[in-house]
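Model the full structure from these sequences, guided by the hints.
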Amino acid sequence: MAAYWGFRIASLLARLVPLRVAYACGFAVGVTAYYLWTGGRRRCIGNMLRVTDGDEAAAKRLARASFGNYGLYLVDFLRFDSRPRDELRDRIRYDEWDYLDGALTGNGLVFVTVHFGVWDLGAVALSEHGYRVSVIADTFDDPRLNELVFGSRRKLGMQVLPADRIGPRLLRALRRNEVIAALIDVPQPGRGVEVEFFGGTVAVPDAPARVALRTQASVMAATVPRLGTWSDRATPDLERVPYEPTGDMDHDVRALTQAIFTALEAMVRRHPEQWYIFRSLWVDEARAGGVA
39 MAAYWGFRIA SLLARLVPLR VAYACGFAVG VTAYYLWTGG RRRCIGNMLR
89 VTDGDEAAAK RLARASFGNY GLYLVDFLRF DSRPRDELRD RIRYDEWDYL
139 DGALTGNGLV FVTVHFGVWD LGAVALSEHG YRVSVIADTF DDPRLNELVF
189 GSRRKLGMQV LPADRIGPRL LRALRRNEVI AALIDVPQPG RGVEVEFFGG
239 TVAVPDAPAR VALRTQASVM AATVPRLGTW SDRATPDLER VPYEPTGDMD
289 HDVRALTQAI FTALEAMVRR HPEQWYIFRS LWVDEARAGG VA
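For my numbering, count along the sequence shown from 1 and bump the result up by 38.
No wet-lab data here; the hints were simulated from the structure.
Watch out, some of these pointers could steer you wrong.
Taking lysine to any residue and the SDA-like style, the derived pairs with C-alpha atoms no more than 25 Å apart in a straight line are [claimed, not checked]:
1. Lys98 x Trp268
2. Lys98 x Arg252
3. Lys98 x Gly78
4. Lys98 x Arg307
5. Lys98 x Asp286
6. Lys98 x Asn215
7. Lys98 x Arg131
8. Lys98 x Trp75
9. Lys98 x Tyr73
10. Lys98 x Ser269
11. Lys98 x Arg278
12. Lys98 x Asp128
13. Lys98 x Arg79
14. Lys98 x Thr76
15. Lys98 x Phe316
16. Lys98 x Val224
17. Lys98 x Val67
18. Lys98 x Gly230
19. Lys98 x Cys63
20. Lys98 x Glu323
21. Lys98 x Leu112
22. Lys98 x Gly238
23. Lys98 x Ala62
24. Lys98 x Val321
25. Lys98 x Arg117
26. Lys98 x Asp119
27. Lys98 x Glu303
Model, not experiment: these values are computed from the prediction.
This is how it looks when you write it as structure tokens:
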């Protein structure tokens, strides 16, 4: 109940004040959370140490900036469904639509991303360009909060597929040559598939690769970084991920997931301060108790 009312109040406040004021408040709240949430701070610094190759001072700077930038993202999300669609579309700087059109070859397109930048704006841009977009989203314990969050995304032109009930709907969407978007930096200890990322092993969802292999969908690694500090503009960073199935599903799922993470690693390196990773992602840290 507290999360539901917190979302409602924060949404109202974010819409009542000018964007720059809301950004300043959001960034301040994010940085405050960095100092107060000891577990999240510790995990984020540990994750950033992978990005900085062990430079602790740089990892702390990136982690603090990540918390602040997540505050900016939350402001955007809370304001999205109150803004005109053409305004949201104009916030994306992208003119290589032929590249995306060429990836839709009849079996759909699986976009794989991480908690990064302004990822919802990417889905808005796809929808405004004429693609039918479905996003896989985690659910909350409070159904009212689910409806608020899912409703906001539906108003942006997305179809929302709850992560715990995707099943055949996902396959049907791809077979209709639609776009599916999924977040993959979600730890799956003891499940999913293990691949290499920033020099260590991560256990992550295998569903994006598995469903792409089953449907022969195209696969695209993607992030949507802001164009600058506190900018409300963003530009997609995209890379098509080719794959050649061998017929061994387990091998192919691992190989495709690895190729996705190789592409995403390069994208994260370009703007690590915009990667919101507050959970332990690496297997060795999870086994050592870093998930607490």
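Evaluation of the provided hints:
no., hint, in the structure
1, Lys98 x Trp268, "holds, 20 Å"
2, Lys98 x Arg252, "violated, 41 Å"
3, Lys98 x Gly78, "holds, 12 Å"
4, Lys98 x Arg307, "holds, 15 Å"
5, Lys98 x Asp286, "violated, 42 Å"
6, Lys98 x Asn215, "violated, 43 Å"
7, Lys98 x Arg131, "violated, 30 Å"
8, Lys98 x Trp75, "holds, 14 Å"
9, Lys98 x Tyr73, "holds, 11 Å"
10, Lys98 x Ser269, "holds, 22 Å"
11, Lys98 x Arg278, "violated, 32 Å"
12, Lys98 x Asp128, "violated, 34 Å"
13, Lys98 x Arg79, "holds, 9 Å"
14, Lys98 x Thr76, "holds, 13 Å"
15, Lys98 x Phe316, "holds, 13 Å"
16, Lys98 x Val224, "holds, 22 Å"
17, Lys98 x Val67, "holds, 17 Å"
18, Lys98 x Gly230, "violated, 29 Å"
19, Lys98 x Cys63, "holds, 21 Å"
20, Lys98 x Glu323, "holds, 18 Å"
21, Lys98 x Leu112, "holds, 21 Å"
22, Lys98 x Gly238, "holds, 19 Å"
23, Lys98 x Ala62, "holds, 21 Å"
24, Lys98 x Val321, "holds, 21 Å"
25, Lys98 x Arg117, "violated, 29 Å"
26, Lys98 x Asp119, "violated, 34 Å"
27, Lys98 x Glu303, "holds, 19 Å"
Violated hints for the displayed structure, listed by number in ascending order: 2, 5, 6, 7, 11, 12, 18, 25, 26.
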